[in-house]
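Colleague: The chain contents come next:
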Amino acid sequence: MNSNPPLLEVRSLRKSFEASGRPFVRFVGGRPRLLQAVRDVSLSLEAGETLGLVGESGCGKSSLGRCIVGLYPPTAGEILYRGTPLHGNTGGHRTASRRIQMIFQDPYASLNPRLSVEAALTEVLRVHDLVKGKGEIRERVDQLLLTVGLSPSLKAQLPHAFSGGQRQRISIARALAVEPEIIVADEPVSALDVSIQAQIVNLFIELRERFGLAYIFIAHDLSVVRHISNRIAVMYLGQIVEMAPSKGLFREPGHPYTRSLLSAIPKPDPEHRRRVVSLEGELPDPYAPPSGCSFSTRCPIAVERCRTVMPELKEHRARREVRCHRAFELPASTTCRYQKAPTASSSTTRGRKS
Amino acid sequence: MIAPANSILSIRDLVTVFETPGRRVVAVDGVSFDIGKAQMFGLVGESGCGKTATCRSILRLFSGAPARILAGSILYNGIDLAQMDEHRLSDIRGAEIGMIFQDPMTSLNPTMRIGKQIAEGLRRHRGLGRRQARQAAIDLLGTVGVPRPATRFDDYPHQFSGGMRQRVLIAIALACRPRLLIADEPTTALDVTIQDQILRLLLRLKDEFSMSVLLVTHDLGVVAQTCDRVAVMYAGRIVEAANTQALFKRSLHPYTRALLASLPRDDGQALTPIGGAPPDLAVPPAGCRFHPRCRYAVDACRSADKVLATVADGHATGCIRFDVLP
Numbered sequence: 013m014n015s016n017p018p019l020l021e022v023r024s025l026r027k028s029f030e031a032s033g034r035p036f037v038r039f040v041g042g043r044p045r046l047l048q049a050v051r052d053v054s055l056s057l058e059a060g061e062t063l064g065l066v067g068e069s070g071c072g073k074s075s076l077g078r079c080i081v082g083l084y085p086p087t088a089g090e091i092l093y094r095g096t097p098l099h100g101n102t103g104g105h106r107t108a109s110r111r112i113q114m115i116f117q118d119p120y121a122s123l124n125p126r127l128s129v130e131a132a133l134t135e136v137l138r139v140h141d142l143v144k145g146k147g148e149i150r151e152r153v154d155q156l157l158l159t160v161g162l163s164p165s166l167k168a169q170l171p172h173a174f175s176g177g178q179r180q181r182i183s184i185a186r187a188l189a190v191e192p193e194i195i196v197a198d199e200p201v202s203a204l205d206v207s208i209q210a211q212i213v214n215l216f217i218e219l220r221e222r223f224g225l226a227y228i229f230i231a232h233d234l235s236v237v238r239h240i241s242n243r244i245a246v247m248y249l250g251q252i253v254e255m256a257p258s259k260g261l262f263r264e265p266g267h268p269y270t271r272s273l274l275s276a277i278p279k280p281d282p283e284h285r286r287r288v289v290s291l292e293g294e295l296p297d298p299y300a301p302p303s304g305c306s307f308s309t310r311c312p313i314a315v316e317r318c319r320t321v322m323p324e325l326k327e328h329r330a331r332r333e334v335r336c337h338r339a340f341e342l343p344a345s346t347t348c349r350y351q352k353a354p355t356a357s358s359s360t361t362r363g364r365k366s
Numbered sequence: 005m006i007a008p009a010n011s012i013l014s015i016r017d018l019v020t021v022f023e024t025p026g027r028r029v030v031a032v033d034g035v036s037f038d039i040g041k042a043q044m045f046g047l048v049g050e051s052g053c054g055k056t057a058t059c060r061s062i063l064r065l066f067s068g069a070p071a072r073i074l075a076g077s078i079l080y081n082g083i084d085l086a087q088m089d090e091h092r093l094s095d096i097r098g099a100e101i102g103m104i105f106q107d108p109m110t111s112l113n114p115t116m117r118i119g120k121q122i123a124e125g126l127r128r129h130r131g132l133g134r135r136q137a138r139q140a141a142i143d144l145l146g147t148v149g150v151p152r153p154a155t156r157f158d159d160y161p162h163q164f165s166g167g168m169r170q171r172v173l174i175a176i177a178l179a180c181r182p183r184l185l186i187a188d189e190p191t192t193a194l195d196v197t198i199q200d201q202i203l204r205l206l207l208r209l210k211d212e213f214s215m216s217v218l219l220v221t222h223d224l225g226v227v228a229q230t231c232d233r234v235a236v237m238y239a240g241r242i243v244e245a246a247n248t249q250a251l252f253k254r255s256l257h258p259y260t261r262a263l264l265a266s267l268p269r270d271d272g273q274a275l276t277p278i279g280g281a282p283p284d285l286a287v288p289p290a291g292c293r294f295h296p297r298c299r300y301a302v303d304a305c306r307s308a309d310k311v312l313a314t315v316a317d318g319h320a321t322g323c324i325r326f327d328v329l330p
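These protein sequence lines map, in sequence, to chains A and B.
The opening position of the first sequence corresponds to residue 13 in the numbering used here, with each subsequent residue numbered one higher.
The opening position of the second sequence corresponds to residue 5 in the numbering used here, with each subsequent residue numbered one higher.
Keep in mind the hints are simulated off the structure, nothing from the lab.
Even for Gly, the Cβ is constructed at its ideal location relative to N, Cα and C.
Hints are not guaranteed to be accurate.
[What the hints assert, rightly or not] Non-contacting residues of chain A with respect to chain B, defined by C-beta distances greater than 10 Å in every case (computed):
#1 ASN16
#2 VAL40
#3 GLU90
#4 ARG126
#5 LEU127
#6 LEU142
#7 ASP154
#8 ASN242
#9 PRO312
#10 ALA330
#11 ARG332
[What the hints assert, rightly or not] Dumping the calculated EDC-like pairs for lysine to aspartate or glutamate here, alpha-carbon to alpha-carbon at most 20 Å:
#12 A:LYS279 x B:ASP271
#13 A:LYS259 x A:GLU61
#14 B:LYS253 x A:GLU283
Next comes chain B alone, as it looks inside the complex (with noise of 0.2 Å):
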């Protein structure tokens, strides 16, 4: 893969491994791909697949798990951000990349008002006083749709309902104008009424202030009303990249298609389950590690072990028979 002249933000090969005495589990194994202007990026992937180990290696945010980046490189804007240290990278944060999390039950916190909880971002990296970075978090809120911000920005927490509390989550992470939004499953918790609230703000807010988005989830539906380009994730490495319209007419890898077969359809057909589990990634198994579980799986796949590579316009797959699959 080249890394286009317009992609904010491009992995390499970054590989990011757990330890525990006497276990390594490589959570991500050699993930590339590229995140290019105001564009919504989707990385989708079953749980374990480690699809939050990646956007958590990102702005090394392991919240004390035993994570730590082994190799690769995370350009963002040319700067290597695998390489820079902790103080440098603390700058980063929240001013130049923001990040929501799945549980907008926890994230905030319950102590503190949510004004002040928005401000503080406000007053650290953009210098704000006091009253300017009251005015300018009460405008937030607004943006983010929270009705009466005025008098809401003086709730705690536990006032607001979890749709709410996920649209302050992104007017914390939005408050530094951030040029990359990291969302890691930001509406897993909620409701779909409300989960479409949500992904319709975070459209809205990526062609307003022309953000990139990279939107982590298992939802390919999510994916398809949403992002503009989709990497599919399996047991820690990326299967298949390609432009979402492009992934969802034809898909290149049979770990996609297989998700997309295990979907509930409209013309109310059987559901077709991907036989066995995810492998444990301490000990994967060789080969392409969807070969287990794969119905197109000859004895190449084995022992080949493909990389992801680009095999039409902006499409790769690390499927080594994409050419036979019917």
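Just chain A, same shape as in the assembly (with noise of 0.2 Å):
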């Protein structure tokens, strides 16, 4: 194995669901339906790097996430922490639980309702056997909620009195409490009004830089992940169809899915208007994805080969991996994205700026 393995290696991870609620089909001895929630996501972190996580819903990006933190059991595939599988009967679990943390995306329904702050800290410290003695752990809240921005008088409360950034702050504290290497953050500012949002995207921004934390941060919302993440790797049908830092993703996207999600954010600026549908089409049945590339029966640059030979996600530029046959190659034409808002009198003007 690698003398320096990264922080955190996922290889070839598989995750499948059987379809519920199929009583009939069984007992004749019928095959479950199988849902391929992520199909062989291959991965790896860095110690303080964070990678964004993005797709539509049902793309298999929470249900990635949860592998990661060990609440789903891998279909197949590994998931490696510096270097010791995660799952199966290693002792080395349990560490491992504690360095990789979790932070879900509804401050509503995340936090026990009948306990107090200080309770929830308090169990979380206690389980993992972090601080001895009750002086040290009344300490230990007072610190951490200060860390997220709370003030301590507050501790007694129950989550209720919160409001959802507050709670969010919470849960961030909960997450730190056992100081943690990794925090899969699944959505964690989507149920949060915008100027709230900055304030929980600044606070993971401040701590990642304070505590040297490797954060994955899953969002449907690229202009959120693009703020935070170092990398982002974008999914499609359970599959990652482009991974690249986030900046070269932004300006030349690889993937035409990628592209497509892009343009699809309604810009802030109503001078530039956008006039054509960004992507036509929803996603296909995920029990029955395409043959093929998963993308191709929405793709407008889909040729013979993409509905018959999968592509491989490989690198087609410095550190940009596409799965795509013709990454890259969107005719310049759908990079004008934007085009000038037309006056009142000209608002019947359609199609794209050639």
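The two chains are supplied separately, each in an independent frame; assemble them into the complex guided by the hints.
Modeller: Structure (structure tokens):
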């Protein structure tokens, strides 16, 4: 094995779910339908690095995140923490599970409504046996709350007394309590208002710098992900279709899907209104993914080969991995996604700038 | 504000309260705005600012919440909906003014075929026969971009994806060719690519049927991409109203500016959050409601309760210091 393994490595991970609720099919001996949520995903994460994981709902990004923190057992493949496999009966799992923490989307559902903030944090500290003695625990709780920007005077309150943004701060404090190295954040700001979103995104950045944390930041909102990530992996139907440094990905997306996803973000600039739909159609049935490239059914530049041969995720340019037969081949005209907003009299203009 | 002659909806000094024993929350506190014919009007603000309460007041659809309109008028083509009795209002709902809600997953009847749910409105409001209604419903499904409409007519809601369900809801809302469509966060529950499709569909239908749209959203990007005019709400009040381009070019209210500054931008600059949190509407702060979070606030802001006033061509602000903002 490599003498200096990465902090986290995911190798050929697969996660399938059996479709439930078809008792008759089972009764007559039929095979249950299989949903392949994660299809052969490999990635690695270095200490202090942030990897953004984006894609539409149902693309498998949350399932991947949950496999990484150990909430789901993978169907196949391996997850290695500093070179040690996480799953299976190795004793290292307990330590690793402490080192990898998760923060969920809904701060209203992820906190126990009957536990005060102090009780919730104390529980975590006790379970992992990190701090001994009541006085020390109390001190540590106060310190954690200050770290996430909450006043320790609020610690006796129950979760319902807090706003969404404050609850998300509490969730972050809870994750930090066990001194993790990796935090998997699943849509941590999606449920929050924009002004509060910015507070929490800034808190994530601050904590990363202070504690050298590595994040896997899962979100469907690309503009938020771009702010926090060093690298971004774009998922489509359970596969990574593009992985690249954030800047490069936004400057020149290599995969047609990434390009559509980027152009679908409504730009807060009325001077540049887009006139064309960014992507037609919907996700194909995940139970029966298309043959060949998964995106071929919606891709504007798909050719015959795309429909028959599944492309590999490979490095087309330096640090630019793309799963596409025609990576970086989109015609130049589609690069000009935005068109000057028409004046009231010429509002019927259609088509894209060429 | 003077009501423009070509407006289809004029709301004046609307006050809507939610009352529970011992607690009264003024969710909408003196809101006024006008929606022009075939105009896309954006009502934007953060959760709890009263934007949903405002648009639910128009049709008095409070779905069981202890809400009532306390004062003000809602003039639709010159008729005051706020004074209208429940029976006559139900003729307006659906027929003249259509409405779509945020959550496409729960707004359809799960036990009823899609087509029947669309045809229901056609038969009730337009008096079509069964066969005619079926054909009209199939046409509508096609209009809103549901593939194979004739087959999908007989499907149930669970057989539709989120984006397709939102299309079905739009088809239902459009069934009677409403003159005004109220769309409350119609794309919030959807992915960006599907959001894009739905917004573009709304824009097309607005032009095709010269329908006015009241688009309620928290997303300034959506407003910038679709609306002709926009009103920004904060803590139950409209704090700024302007044509979209003017608002984004030079906002005249610190709250709007703060909202814009908190958006992630292309240049990768650090985000500028708004400190603090919106006030509790049961005990709103005196004076300008944004003053506790406002970086430009002076003493006068703590007492001055300025009403929204037009200060430039079609541009109204509730800030007393609009002329000294940088």
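Colleague: Identify every previously stated hint that the structure contradicts and give their numbers, smallest first.
Modeller: No numbers; nothing is violated.
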